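Engineer: Whenever a hint applies, use it, and build me the whole structure from the sequences.
Those protein sequences? They're chains C and P, same order as listed.
If you read the first sequence in my numbering, its first letter stands for residue 1, the second for the next number, and so on.
If you read the second sequence in my numbering, its first letter stands for residue 1, the second for the next number, and so on.
Derived from the structure by calculation, the hints contain no laboratory data.
One thing to keep in mind: the hints can contain errors.
[Claimed, not checked] Quick look at which bits of chain P chain C covers, simulated, 3 or more residues with Cβ under 8 Å:
| hint | region |
| --- | --- |
| 1 | 204–217 |
| 2 | 245–252 |
[As the list claims (entries may be wrong)] Derived DSBU-like pairs (lysine-lysine); straight-line CA-CA distance at most 30 Å:
| hint | chain 1 | residue 1 | chain 2 | residue 2 |
| --- | --- | --- | --- | --- |
| 3 | P | K78 | C | K66 |
| 4 | C | K14 | P | K78 |
| 5 | C | K54 | C | K66 |
| 6 | P | K78 | P | K141 |
| 7 | P | K141 | P | K95 |
| 8 | C | K66 | C | K172 |
| 9 | P | K243 | P | K30 |
| 10 | P | K252 | C | K14 |
| 11 | C | K54 | C | K14 |
| 12 | P | K95 | P | K80 |
| 13 | C | K109 | C | K54 |
| 14 | P | K80 | P | K141 |
| 15 | P | K95 | P | K252 |
| 16 | P | K243 | C | K14 |
| 17 | C | K117 | C | K29 |
| 18 | C | K66 | P | K235 |
| 19 | C | K66 | P | K252 |
| 20 | P | K32 | P | K141 |
From a predicted model like this one, the values you see are computed outputs, not experimental measurements.
Where a beta carbon is used, it is the ideal one built from N, C-alpha and C, also for glycine.
Residues per chain are reported as follows:
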Amino acid sequence: MSEHIVSSYDEEIKELQGQVVSMGGLVEKIWIDAIESVTTASDEMALKVIDADKHIDNIELEIYTKAMRLLALRSPVASDLRTVVAAMRMATNLERLGDHAKNVARREKLINPDEHKEVIILLLRMYEMSLSALQQAIDAYRSPNLETAETIRANDAGIDELFNSTLAIVLKLMEPNNPPLQTEALASLLFVAKSLERMGDMTTNIAEIIIFQETGAFPTEERVRGGQVGLMESQQSRQ
Amino acid sequence: MTIDSKIQVRNVNVYYGNAQALYDVNLDIKSKEITSLIGPSGCGKSTFLRCLNRMNDVIEGCRVEGNITIDGENIYSKDKDPVLLRARVGMVFQKPNPFPKSIFDNVAYGPRIHGLAANTTELREIVENSLEQAGLMDEVKDRLNESATGLSGGQQQRICIARAIAVSPEVILMDEPCSALDPIATARVEELMGNLSINYTIVIVTHSMQQAARVSTRTAFFHLGHLVECDETNKIFTTPNDKRTEDYITGKVG
Numbered sequence: 001m002s003e004h005i006v007s008s009y010d011e012e013i014k015e016l017q018g019q020v021v022s023m024g025g026l027v028e029k030i031w032i033d034a035i036e037s038v039t040t041a042s043d044e045m046a047l048k049v050i051d052a053d054k055h056i057d058n059i060e061l062e063i064y065t066k067a068m069r070l071l072a073l074r075s076p077v078a079s080d081l082r083t084v085v086a087a088m089r090m091a092t093n094l095e096r097l098g099d100h101a102k103n104v105a106r107r108e109k110l111i112n113p114d115e116h117k118e119v120i121i122l123l124l125r126m127y128e129m130s131l132s133a134l135q136q137a138i139d140a141y142r143s144p145n146l147e148t149a150e151t152i153r154a155n156d157a158g159i160d161e162l163f164n165s166t167l168a169i170v171l172k173l174m175e176p177n178n179p180p181l182q183t184e185a186l187a188s189l190l191f192v193a194k195s196l197e198r199m200g201d202m203t204t205n206i207a208e209i210i211i212f213q214e215t216g217a218f219p220t221e222e223r224v225r226g227g228q229v230g231l232m233e234s235q236q237s238r239q
Numbered sequence: 001m002t003i004d005s006k007i008q009v010r011n012v013n014v015y016y017g018n019a020q021a022l023y024d025v026n027l028d029i030k031s032k033e034i035t036s037l038i039g040p041s042g043c044g045k046s047t048f049l050r051c052l053n054r055m056n057d058v059i060e061g062c063r064v065e066g067n068i069t070i071d072g073e074n075i076y077s078k079d080k081d082p083v084l085l086r087a088r089v090g091m092v093f094q095k096p097n098p099f100p101k102s103i104f105d106n107v108a109y110g111p112r113i114h115g116l117a118a119n120t121t122e123l124r125e126i127v128e129n130s131l132e133q134a135g136l137m138d139e140v141k142d143r144l145n146e147s148a149t150g151l152s153g154g155q156q157q158r159i160c161i162a163r164a165i166a167v168s169p170e171v172i173l174m175d176e177p178c179s180a181l182d183p184i185a186t187a188r189v190e191e192l193m194g195n196l197s198i199n200y201t202i203v204i205v206t207h208s209m210q211q212a213a214r215v216s217t218r219t220a221f222f223h224l225g226h227l228v229e230c231d232e233t234n235k236i237f238t239t240p241n242d243k244r245t246e247d248y249i250t251g252k253v254g
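Structural biologist: Here you go:
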């Protein structure tokens, strides 16, 4: 890519993008730790995640401050404008990804990793897919790659399908006579599943931000959605 | 002819002696909207602007080839009088250039030489109406007989705009009209341009990209004598088609 005549402008844009990439790295790490806190039942790890989320929130504000400064002082246009807008949207999505990791860690105390193995296996599969997509998305942002962005967008349906399968299994396990603690544990597993599903959605948002940054247009075609959600919907669709 | 196209430029090449300044320029300028011409110094944008009212005729050794029509009439045909053309296509320059005369006489100058007023009452009406349109009437109504050179820079530029309007042009060409003005005077002229575009077709050369972005509906980018692209201003400043445009507006080395 050509460079700006004013080198400090280049530096400011690179610094902004660099901070987004490093925020992406922290979000990857917070998710790895959040899931580990659940699978190892580690209170200590869960607390670490909750603390790390605060740090991620602060980075979002720093990115906004830098982006505002660039908008005010440099009046960016064309690809520069798209880069600054993309960085702001990236920061918002990454901050929310951090929130969801924190939500998972908060469930750690309520989940026994040795129970409901069939649900946990599905959650871990969702996690592997979502984390891999997130890592690819951050890489595709670091070195803009439209092909990867399109693939991430297309693959989100697989995560949705796993969420629906998890939901179906958890609903079957939820019996009226279950002890409250067991119901709470199942509900917690469902919250984790939902956070992982949202992780997939937000990673898809990141892919779309990359497409916007590089082309100036947001993808207009509908994302492929994975299957039906919940018992009610599957009953309704049968009718 | 394209619908709403006021000025049609086809295959225009301009030479200063042996040096070619414009290469095969094709452009449609729409009626009653503002078109900005941007590009680095020496790109040919001012040369192009001056083609539109044959100001290049007065430059020795300048040769214009191709076809430029306004409302379908070839402005370079032999039977066209460039003086009458310049009444139809007015011009405002970079530096405010009021005549060393009164405010009234500055604005009355064009109507007088073109015989547009039958009597002094009509002349006064034209002058007052032009000052009104230029947004200057309230500021100068009590000193119409004072020298125009005593006004502020921004007011002088608006006097020049009023002087251009006074001969009822169809097109107003502006060559960096705000480059000598402070931000407030610039804002006044820009606001005025917006109001004038209801009745006039305006073409402006500007070095300020922000000004092009603020005032114009369409923007044309010139580079090394070529018209690189002309599109809606929003498109040029968010997703230009050509890398040369992108590099110029973002301030990158091409």
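Engineer: What's the verdict on K109 of chain C and K54 of chain C, does the C-alpha distance respect the 30 Å limit or exceed it?
Structural biologist: holds, 20 Å
Engineer: Between K243 of chain P and K30 of chain P, does the CA-CA distance stay at or below 30 Å?
Structural biologist: holds, 25 Å
Engineer: At least three residues with a C-beta closer than 8 Å to a C-beta of chain C: is that true for the region 245–252 of chain P?
Structural biologist: holds (count 7)
Engineer: Regarding the pair K141 of chain P and K95 of chain P, is the alpha-carbon distance no greater than 30 Å?
Structural biologist: holds, 23 Å
Engineer: Does the alpha-carbon distance linking K14 of chain C and K78 of chain P stay inside the 30 Å limit?
Structural biologist: Distance of about 58 Å is beyond 30 Å: violated.
Engineer: Just to be careful, I want the Cα atoms of K66 of chain C and K172 of chain C compared with a cutoff of 30 Å; is the pair within it?
Structural biologist: With a Cα-Cα distance of about 49 Å, the restraint between K66 of chain C and K172 of chain C is violated, given a limit of 30 Å.
Engineer: Straight-line Cα separation of K66 of chain C and K235 of chain P no greater than 30 Å?
Structural biologist: This hinted pair holds, its Cα atoms lying about 25 Å apart.
Engineer: Given the hinted pair K95 of chain P and K252 of chain P, is their alpha-carbon gap at most 30 Å?
Structural biologist: Holds - the C-alpha atoms of K252 of chain P and K95 of chain P are around 29 Å apart, at most 30 Å.
Engineer: Are the Cα positions of K95 of chain P and K80 of chain P separated by 30 Å at most?
Structural biologist: holds, 29 Å
Engineer: Straight-line Cα separation of K252 of chain P and K14 of chain C no greater than 30 Å?
Structural biologist: At roughly 14 Å apart (the allowed maximum being 30 Å), K14 of chain C and K252 of chain P satisfy the hint.
Engineer: Are K54 of chain C and K14 of chain C close enough, with their CA atoms no more than 30 Å apart?
Structural biologist: holds, 24 Å
Engineer: Quick one, are K78 of chain P and K66 of chain C close enough, alpha carbons at most 30 Å?
Structural biologist: violated, 60 Å
When the structure is compared with the earlier hints, violations turn up for hints 3, 4, 6, 8 and 14 and for no others.
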